[in-house]
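Asks: Here is how the chains run, residue by residue.
Number of protein chains: 2
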Amino acid sequence: MKKHVVGIDIGGTKLATVVADKTGHILSKVRKPTLSKKGPEYAIGLLFDMVREAVSQVGLKQEAISAIGVSCGGPLDTKTGVVYSPPNLPGWDALPLKARLESEFQVPVIIENDANASALAEFRFGGGRGYNAVLYMTMSTGIGGGIVINGEVYHGANDSAGEVGHQILLPNGPRCGCGKQGCLEALCSGPAIACRAQAAIQKQLEDEETVTAMLTLADGRIEDVKSEHVLAAARTGDALALELVQETAYYMGWGIANLVNILNPDIVLLGTIAVAAGDLLLDPIRETVLKFAMTRPAEAVNISPAQLGDALGDLAAVALVV
Amino acid sequence: MKKHVVGIDIGGTKLATVVADKTGHILSKVRKPTLSKKGPEYAIGLLFDMVREAVSQVGLKQEAISAIGVSCGGPLDTKTGVVYSPPNLPGWDALPLKARLESEFQVPVIIENDANASALAEFRFGGGRGYNAVLYMTMSTGIGGGIVINGEVYHGANDSAGEVGHQILLPNGPRCGCGKQGCLEALCSGPAIACRAQAAIQKQLEDEETVTAMLTLADGRIEDVKSEHVLAAARTGDALALELVQETAYYMGWGIANLVNILNPDIVLLGTIAVAAGDLLLDPIRETVLKFAMTRPAEAVNISPAQLGDALGDLAAVALVV
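These protein sequence lines map, in sequence, to chains A and B.
Under the working numbering, the first residue of the first sequence carries the number 1, and numbering increases by one thereafter.
Under the working numbering, the first residue of the second sequence carries the number 1, and numbering increases by one thereafter.
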């Protein structure tokens, strides 16, 4: 009986392979740096070895593996299993990742973009359990999203659904990594929060003598202020940091309100920065959603931190095949 | 063999009942004014009679009817079939419409909000045929929406999905009927276009001696300028009307770009005003979507006028039960 699966989590900086049982319990794990500059062939060779290593770590033979799930940055085509130049994986251009893995291991392989796979993991194992309409949103270096409807990832026409971070709120706002201006991501991702914080600190230094705790936390170097410093300073009551948290919650709440009106989710699960910030950020987000969304969908939605934390990457890959 | 269905279209100003065969061909139709001030009991009694009349018009007995589909303004609960005070139907408060009809006619009744039912009709009989991810948007007195995924209406947590007209673009923008500010509907519905046109004409009259063709078309009365006059004047090359069309396309395109990023639809079907305007409005909408949406979903989407025209209301109700 094939009672085990392999999960592969492919990121721009690290690769991970895990073996899990059919209930999603992780039994072994291998991690290596992606060394993305070495290109896809290096990474694929490494992944082949890492899969074998994770399998042998639990004393299994390859024949015990029923399927492989792969969570990878998009864009990618879930039907053909071809990856199309994810921004964090230079050279992975029209790479037939599914075919390569199936050929090597002779088992079915399912490939999914990381935000969608994470959404599915939260549905299967985390905060989305039991809900029919689940929206998961990352809030880290970017703002990605995944939509799970009746237990299945919603892909849209060409696997591009759920790009919730690229809804445009301010058409003349800050430039986004995607090339447009004023996307939610350009306002509320970690780097975007840091950027707004640095500008606000600069202005404060010019206008008054106060020194924000954010600057102290970053050892006095404005250019080193990050979103973590904003949250830490806000917790100590630092006025400027609290303003930045409110501003972030306003944009997040506005964007989520639009999503609530469009998708009417049972639950919105917010990852990473929202998990770290907790109610400090979530409460003003919830208030903004109530203010901006229509009453009926706003009353139906639960806005919560994602639950899987550091296990998310592994479980994202595993969720695809259990 | 029960080879026929009844469709009921309930609007704030008119009621319609039709009999159709299982392929959606309308065989008979009865129309009456809703006289919404008379309340729901009057309308329900009238509907009972109108159903019987439509059935007898085609020489059928009631036993030949297999099901009744009802398209009605929301909010309503599709599972229980209870209608909750639609804005255009005063007094229809927690009205068990499905139960009342099932009790009267002893056949299964399916109730759906009109925008969702219209989306399903476009999927079954109109511009959405053959597509897996269909977004239909009305563009008339309001901007409603319906999402059809793999041939089924997407309802969300509590039948509120698809309120695409209430995504907020300008939080300090014009007041919307829903109570919020700057919703897409408050910028691009028929009345919203008229309102922007009237303000622009007023300003033009104060600033210069030009008289826009819009004003001529409305017999010189600014307060009578409607969205139809904007379109008609734009077709004659009237500069101010063309500006208003461009502005409308900018907001519509912005809103649709957000929807394209979130839902990645195969097709977006735009009703009423967009049908009347054609490429005059659709071309600049398409340009704005290409500018504002991400490349992959923008390349996948087809933005087209809805196809069912005046038949939409009847087919919306029928689509629920064929």
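It is worth saying that the hints were derived from the structure and are not from the lab.
Careful: at least some of the hints might be erroneous.
Since the list gives no way to pick out one identical chain from another, each pair is judged satisfied if it fits inside one copy or across any two copies.
Unchecked claim - For lysine-lysine, the following BS3-like pairs were computed, each having C-alpha atoms within a straight-line distance of at most 30 Å: (1) 32 x 180; (2) 22 x 203; (3) 14 x 2; (4) 291 x 79.
Asks: All the hints need checking, so say for each whether the structure fits it.
Replies: Evaluation of the provided hints:
1. 32 x 180: neither (34 Å within a copy, 50 Å between copies)
2. 22 x 203: neither (55 Å within a copy, 68 Å between copies)
3. 14 x 2: within (28 Å within a copy, 62 Å between copies)
4. 291 x 79: between (40 Å within a copy, 28 Å between copies)
Hint check: violations occur at hints 1 and 2; the rest are consistent with the structure.
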